[in-house]
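S.K.: One letter stands for each residue in the lines below.
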Amino acid sequence: MHNSTQSKDHSSTRLMLSLGILSAAIIAFQLALMQILSIVQWHHFAYMVISVAMLGFGAAGTVLAFFRQRLLQGIGWWLPVLMISCGISMSLVVYLSQLSFIRFDSYMLFANYTHIGRLLLTYLLFFIPFLLGALAIGLVFDHYVAIIGKVYFANLLGSAAGGLLLLALLWYLYPNRLPAIISWLPVIAGAMIIPQLHKRTGALRLFALLACVMCALTIVFPPTLHLSQFKDLSKTLLLPEAAIKMERTSPYGPIQAVSSPVLRYAPGMSLAAEQPVTASTAVFLNGDWLGAVAGYNQADTTFVLHNTSFDLPYKMADRKDVLVLQAGTGLEVAHALSRQATRIVAIEPNAVLTTALQQTLSADNDSLFYHPAISVHTTDPRIFLLTDTAYYDLIHLPMAGSFGGSAGLYALHQQYLLTKDAFMHMWPRLQEDGAISISAWMDYPVRHPLKLAATLAEVLEALNIRQPRQHITAIRSWSTISFVITKRPLTTAVVQNIRRFCNQWQFDPVLLPGLQPGERARYHFLQDSSFFQHIDALFSNDRNALYANYDFNIKPATDERPYFSQFIRWKNLSHLAAYFGNRSIPFFEIGYLLVVITLVQIAVVSFVLVLLPLFRRGWKGKHKTGVLLYFGGIGLGYMFVEMVFIQHFTFYFGHPVYAAAAVITVLLFFSGCGSYMAGRFAGNKKAMVIITAIIIVLLCIYATVLMPLLQQTKHSALPVKTGVVLLLTAPLAFCMGIPFPAALSWLARMEATDIPWAWGLNGCVSVISTALATIIAVEAGAALVLWLAALAYCLPLVVWSRWL
Amino acid sequence: MLSTICYIGLFLLLAPWQEDVYKAKREKMVSQQIQRRGVKDPVVLKAMRTVKRHEFVPADQTKNAYDDRPLPIGYGQTISQPYIVAYMTEVIKPQSHFKVLEIGTGSGYQAAILSAIVKEVYTIEIVPELGKSATEKLKTNYRNVQVKISDGYHGWKENGPYDAIVVTAAAEHIPPPLISQLKEGGKMVIPVGSTFLTQMLILVEKKNGSTTTKNLLPVTFVPLTRKKSE
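Chain order of the listed sequences is X and G. Position 642 (the first sequence) corresponds to 642 in my numbering; numbering is contiguous. Position 171 (the second sequence) corresponds to 975 in my numbering; numbering is contiguous.
Because the hints were derived from the structure by calculation, they are not lab data. What you were told as hints is all true, and nothing was included just to trick you.
A partial selection of chain X residues facing chain G, derived with a Cβ cut-off under 10 Å:
| no. | residue |
| --- | --- |
| 1 | Asp232 |
| 2 | Val262 |
| 3 | Ala266 |
| 4 | Gly268 |
Below 30 Å or equal to it, Euclidean Cα-Cα: the simulated BS3-like pairs (lysine-lysine) are:
| no. | chain 1 | residue 1 | chain 2 | residue 2 |
| --- | --- | --- | --- | --- |
| 5 | G | Lys936 | G | Lys903 |
| 6 | G | Lys936 | G | Lys952 |
| 7 | X | Lys245 | G | Lys936 |
| 8 | G | Lys943 | G | Lys844 |
| 9 | X | Lys245 | G | Lys952 |
| 10 | G | Lys856 | G | Lys829 |
| 11 | G | Lys1018 | G | Lys903 |
| 12 | X | Lys315 | G | Lys1018 |
| 13 | X | Lys315 | X | Lys487 |
| 14 | X | Lys235 | G | Lys961 |
| 15 | X | Lys235 | G | Lys952 |
| 16 | G | Lys856 | X | Lys235 |
| 17 | X | Lys315 | G | Lys1011 |
| 18 | G | Lys943 | X | Lys235 |
| 19 | G | Lys1010 | X | Lys315 |
| 20 | G | Lys961 | G | Lys936 |
| 21 | G | Lys1018 | X | Lys235 |
| 22 | X | Lys235 | G | Lys867 |
| 23 | G | Lys856 | G | Lys897 |
| 24 | G | Lys827 | G | Lys844 |
| 25 | G | Lys867 | G | Lys850 |
| 26 | G | Lys1018 | X | Lys555 |
| 27 | G | Lys936 | X | Lys235 |
| 28 | G | Lys943 | G | Lys856 |
| 29 | G | Lys829 | G | Lys897 |
Don't be surprised by glycine CBs; every beta carbon is placed ideally from N, CA and C.
Put together the whole structure using the sequences plus the hints.
M.R.: This is the structure we're talking about:
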């Protein structure tokens, strides 16, 4: 008897371990796919991957509803089969998705409709491992519902470990190698639970062996990732003698440096410049342009930025102490050095990039980062601003937008350096004669320059500057616009310097004290004067009217809504379509539209794959409305919280990958702990009402104070910040881990046939809520998402109070 | 063997009919997409009616050749929307004696249009595969076009200076050698925009030793604010 109990405990522990490993694999695989799609396409497909993963869980619930009895009867056989199959599919799907007839291209979705079919096929492929893995997890949940808290704990703990595992792997492995490594985990998990005395034990062992061979093969022969032909790296590699001279991997994504004798960079260079630009090396992150690397001490050539509008701050006054925020490839650092700055502080959060610039690429930048005048800090620029005590003559920011427009690819980028709050933090770091400079590409219809001007106008206003136009200047080349705001009013001498500079290089001043209307377009004529009228409106009382009526969103970004490059206003789409044609609209804001399309597609697919089959089967449970509201509510609420936390902690830690890993790990770990305790509350209605109420109260508090609290403590040391994050996340996550297993346990006792419905509904709502949370955050701010999460948790509260 | 003969017979039988279909599509393209948007130059309209656009697009895009949109041609490049080609040609005010340099041959369609209007066209393509394909397409019917596979940054000094330069693949700076190879009073046109969407054309003019630019908007967009205040 004692031996039997021991053996039972042993097998239960092994099963929990196996479940944990499988859960780790699923999360790690999900993050790996997000990284792979960021490289071959763009980062927006992260939402697709999250949604597909959730869809797998939802569909698993449907399959369970249909074949529950059969699967439960043969659980000893099915569990290892499903887990091992999950591993095999993980090793294969990336291979298959890269086949020429399956591979899709985001841009081609709107130009060649066969790519919509390819996209759906890719959805389907990526869906398979999640479905198989989720089926195994669902089976365990269902079969071991008596110890659901323990099971859910193993599931969440494993998931948390999966997030950490992937983060570690990203430092050492190229993303194409990740699926093969991760695919071992489900195979191991499946092999661990092959029953000893089963009639098919031999077959299962053989299956596991074959899976091992397959996984080993994919490690040896990893899939080749084919980048979209429209990615910057793909186009650059077509140039004559183009060669990748450096390649590194990092949690930010792979970094490549490409050299070619025809690769030249001189943004918006003056047409009066006669000297050809010399070749440079270009650096790409995830296949997207990051910047050029150029030498600074070639005696025979002028520094590449001297003939551009970027030189404006150096022509206004001497700049000895310069702070370059988000230094990237160091071009602006070299610029400062070429203008005799004596102390240059370069801030770049990407450590792998700075190391590459100091080592492999040092010959390309004349060993820039070893120059005694330069100090490099590998940290987030916003964190640096809060901790730094020095003062600068010039703070330089990276260029906003991209040449020719980015087609809205960056609409969902959280750009915390371009928010109003960021400029407010820069201001105290300026010397009395100090200035902040930033440039943007001139786009059409005008968006980036206007949003930048609006931001600077509001910042000057917030600083109580009485005559803001005396503190700002802007000049325009044929394709760029450079702004400088100054702490002191612009003096006559400075204004003369600016005019002289403009005359020399044929630039046109846009904002300058004493400017005559005729001066604004002497060299670079615009079709009409509306751009100047809008710029003037931004510095007048008409600003809000312009915000309200302009076709694009040009209101400044804030820390709460840090989407500087998000311009689309849905209500004006028809007006844009009337001018540019329906087919052109996607290319204004392709990034944002992709998320909306993902939301619509995935909502339809999840309805068809999850809910429709369940409806067809019929729902015989007594508590339909209760189950619907309860599991729908917690699915929506949980994902909303997760998405907001990822956004806020990206701001807090200054690193999106670390933030995602931290949120997923901490949230899942403490939710796991909560679920472990769920058994104690399962039969206690009063306790459940209290727990749900605590969640709602905490969410309401967070919606009000979370961002201000993070802003206040952002400068703290990492251990303090980690403590803050734990303190903020742990109690909430602990409570949020309880409702799901507690209700499942209750259902198992009262209405077991409702379990697949609960599982499916939860998955289905989670699918939709990932993309939905992002859209709401962009449109109305992250705080509203938290308020809605609180509202979503009111649903289980109502259910506990009325139905259960 | 028999089936091959049948296919060839069928092709020969249908080819003239197919050509008529394309001709009708070109007529429609010119009247609905180009004239209606304001392109008036008769020589440009004639060239747009004459040059067979479907011969310059990849086989899988033939059916879309006369659509009002750019089409992918591989290597991350597109063949511009018909209207943009016509508009870019019109803004350089082409004359029959002109010598024109094109930077970025791409599909070869823009060079073919110019070839139907001006005396000499020199075109440079940096992607060898595109350059070779365009050379093949242009060599029979467009004999006044010379294609070079090279870096367009330095222009084609031997044949310069040029009355006009058409840069179809925009760079973030205008190469000084191109400005120096432009005749006094000459025009250079550069499209600026994201892939599949030309939002603006930059017209560079060289006059009296000074180089000026003008933004030309293929689609003049009037923001709602102005509409309201009017």
